[in-house]
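A.B. asks: Protein chains in written order, with numbering that gives the first Met the number 0: chain A, 0 to 111; chain B, 0 to 565.
Among the hints, erroneous ones may be present.
[What the hints assert, rightly or not] Straight-line alpha carbon distances no greater than 25 Å define the calculated PhoX-like cross-link-like pairs of lysine-lysine that follow:
#1 Lys45/A - Lys492/B
#2 Lys45/A - Lys306/B
#3 Lys61/A - Lys116/B
#4 Lys45/A - Lys180/B
#5 Lys140/B - Lys61/A
#6 Lys126/B - Lys45/A
#7 Lys55/A - Lys3/B
The hints are simulated quantities; they were obtained by calculation from the structure and are not laboratory data. Note that the structure is a prediction, hence the values are computed from the model and not measured.
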Amino acid sequence: MIYTGSRIIFFLRPLLIALLLVGVFGLVYLRSSVMTLEYSLGDLEKTRRNYLRERKMLLAEKTSLLSFERVEASLSRSRGFVLPARIRVIHVKNRKETLPYNASLERKLTEP
Amino acid sequence: MNKKRAIILNTTIIFSFFVVFLRLTDLMILNHKSLSERAKLQHVKVEDIRVRRGIIFDRQGREFALNIELESLYCDPEILDLNNDGLKRLASVIAKEPMFILSKIHNGGRFVWVERKLEPDTVEKIKGLNIKGLGFLTEAKRFYPKGKLASHILGFVGIDNQALEGVELKYDRYMKTSGGKIFLERDAIGRTLSSGVDTEARGNNVVLTIDEGLQHIVEKEIDKAMEQWKAAAASVIMMDPFTGKILALSNRPTYDPNNAGNARNPEKRNRAITDCYEPGSTFKIIVGTAALEERLVNPGTLFDVSKGSVEVGGKAIRDIHKHGVLNFKEVIQKSSNVGSVTIGLKLGKDRIYKYAKLFGVGEKTGIDLPGEVSGWISRPERWSGTSIGAISIGQEVAVTPLQILRAYSAIANGGFLVRPHVVSEVISPEGRVLASFRDEEMNRIISEKTAGTFKNILKGVVEEGGTGSSASVDGNEVAGKTGTAQVINPETKRYSREKFVSSFVGFVPADNPRLAIIVVIYEPKGQIYGGVVAAPVFRDIANQALSYLDIPLDSIPYNDHLLVSR
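Just chain B, with the same shape it has in the complex:
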């Protein structure tokens, strides 16, 4: 009996083990893959590594673009419990039409964005609505704390932080970084365990050559000028003439990069590098320096411009005011068209073209911003009979404000063509310098002697009797040139009688230049001359910028000083 029981017991045990063995085989071998995946889904949570763009700093380390984290609202349409009342309240909180929300929900799928990157107080209000099926995800938003300041340099990004304009676009490969996924263990009620790894990947930071203080001065004065002259647009660039570092660059109209989506295209255009204009008299330095360099003239060479006009190719080119006999210096100082055309005729078209090219006309400056245009000057063999006269006074050529500023910087720095740039360094999040600007392209275009001679001539423009006397700065000598150019009417294809571009370009202090500045005002109302419209803007900017940079006075003309220690 006992033996029989023992056999039954043994058989039962063996059978039980066999069943367990079969089940284990099923779990561990036959269905191992699918079961382990199901188990992983239960206790492992996959999270995206948060990708953050690098920060943009000005040259003093002030943040121009950084990242903040905001909540984005999504919904799961399958479990969404949203009645009419809830829909209306949600719509009013996120300031959208109820139909807009419904159209998103009915798009299908189990994950639908309702509204991205909401303000924290809006998030609290939505949470207060207690709507089942709505959820929040944290996303990075690019934030430009200075608002409109330097917007054309910084550019902007899209809703998914994709670079669209400016430094953001040009240096995107440095600033963006790749993300990836991390696996977090979680328990039955969804609590996650420590991953032990950093869940944020940061891109490299960019240091600009721009200075917030100088940029603020420029923007303040460009706004005043726009207001005063009711102009259509304006551009101002400030550059270190020796290094090509852009210290400030501003255009009007402008936009706030925090709301770039609402800005119109003309507001987003970086006119300083993307728009061409006929430079007018500011172009006379090309003809002037070419004549000096080729030893055709010296500052004392006399020109009889008493007739007030000169005929070129059957077309008369006139001076605005009649002058008598002028020497070369006075031709530039008084901006005589007749004198400049006479010099241009002496030079000939090949030499004018050669020097225009040397000064970078018709070539991109190579600035590290997207969208730069090269401007335009046609080859001498395509010039018409009137071209040599027109080009000598800055017509029939198209330049950007930056090209003209670079040309004047060559006079300021003793004859070198610099490469303008807005970024000085790219640094890693840990502070290691990854890339820095090196100019290997700086080449001499005119002799030091010619540059020095022409600098003295340009000083005369800003002195009493010159066209740019209202650009003079108390305490420091300024060298520069005014420009007034007609705008071509696109309908008639002829020069407009009402629309002008007024400009002033110069550098200060003249003998030891620290700042080269160009001011271009498009279509001012009331006055048209560069010496009246643009030169005072140059003076006001230079005055404040010299003070900001602690650049000492050349001379002290008054005795009643305030004593301020710093």
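Looking at chain A on its own, in the form it has when it is part of the complex:
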């Protein structure tokens, strides 16, 4: 019995030491991985901030370019667009019941 116990201890001791070392290295590795991830996240946050900043600038530029004044000036100058006299324009509203498809179908059905 004594012999067997000593043998177990003989094998267990290095195993425990190895486990302890692996554990310690594991902890260090995990901690360093977390730190690396935090660095990456920090970099990504910085990139995100830069993109958001650029987005804001682009939005401002887009809004400025889409202003009525610019669009009207650009269309009338370069494309020769002119607004027609209101009195000569009839607006045809888009209504489901008067869609051409329905009308043609009805005509087909009633055709002799």
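Knowing the structure of chain A, use the given hints to seat chain B on it.
C.D. replies: Here is chain B on its own, set in the frame of chain A:
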């Protein structure tokens, strides 16, 4: 011997542990506070949460005011390495005098702003100079992408984004937000670790009742009028007569809110609500509706104005053109001063005052913009002998263009006094509605019958033979009134013979009003009459606005149509 060695070894070990214990006590107990603070300074970076004002949208969701981020240049004078050549180059890049930069640097301290909110290409140029001791910090800048458009409504902010005018000021408590600080971990070489929190705080957004399309139409036409009449100033307001929603509001002279610091005070003034003028004939609706409401007259009541003048308190009030016998409708249609004074005399001063007050004269409209004035009408007991005649034709009273527009809106909507407003909703950055406009103050001031009768009379003003015929719009009936008022010369305290205020106020389509518009042109040159100067501006604005809003024609007078589907 071994025992002696053991004792020495033990003593050394115990002593060593004792020394370590003492040091630990020093580090962890005695100097803990100061040391931990020093450690924190080394590995923790404190950053301000970036505070961004809410965005201002028009009623269709188009951005009128937003934030962009620009770099601001600062320097640390203690480590600044700036020679003469570098100073000159820096000064030329930021377009300032070298002395200006030196004066800032010598102000003292370790942090000095050199120039705030620089354009990105300027920043690149400065970085290219490689001057030690200069640095950049990102700051938010308020940007108004439409430039001068609606500048008197939007207002502007200062260099530190503090609200100074307009909606920016009135709704500041909603749009601004509080910041705070966040703590970021950093390593030995200054790299920061993720904080995991949002480093930007956004204020609530504001939705205006203004429509960019309508505002553009108004601004385009007001510019044309200013050019044509070489006027000193002008104001135009467009409002929904049923709800009080301001759809467009513009003044001239104006300014660009992106460069508000360079604008002069007269340019920044929102004349539509801060400047009073004598309304002249547009005020005749007060006397007219009062007489109808009090059943003193009906549209057919006849007035003999053939003498061309009437004497009140020893002072003669004249018509511009002599008329014969006019009925009540024609008195308004032809804007007869003699007829209006006769009606005013029938009413008496108490009733004129009562109805002026009912229509909101001498009271603020309550519009949600800063700086509104109440206008002025004195109490009847303080009126002089001539006052009843003068007030009947719109003199001796001071009103803002908005007050007159509100009074005409009451005719348009069947007798209710609306509360004008420019903001419809305040919404959180996540899109939740935090506040919306509710009008609990709308009250009836005249009967529906009186409003209807007077509406028909106002239609006559714009018909052939009326003073406002040049305000008529093809395809839709217009109801309105012209006004021509003399300006008081501040030096002589008498009415000027050269300076006038020409105005036209009306609504369209007359029977189903969608737009109430007032046009006020201050000191036009060449012509003075509201029917000649202001009425065509009303027509041009109304024409385009009706088209923009897809408001159908009342009648189709021509046969040669273009067919456009939409």
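A.B. asks: Kindly indicate which numbered hints from before are broken by the structure, ordering the numbers from low to high.
C.D. replies: 1, 2 and 7
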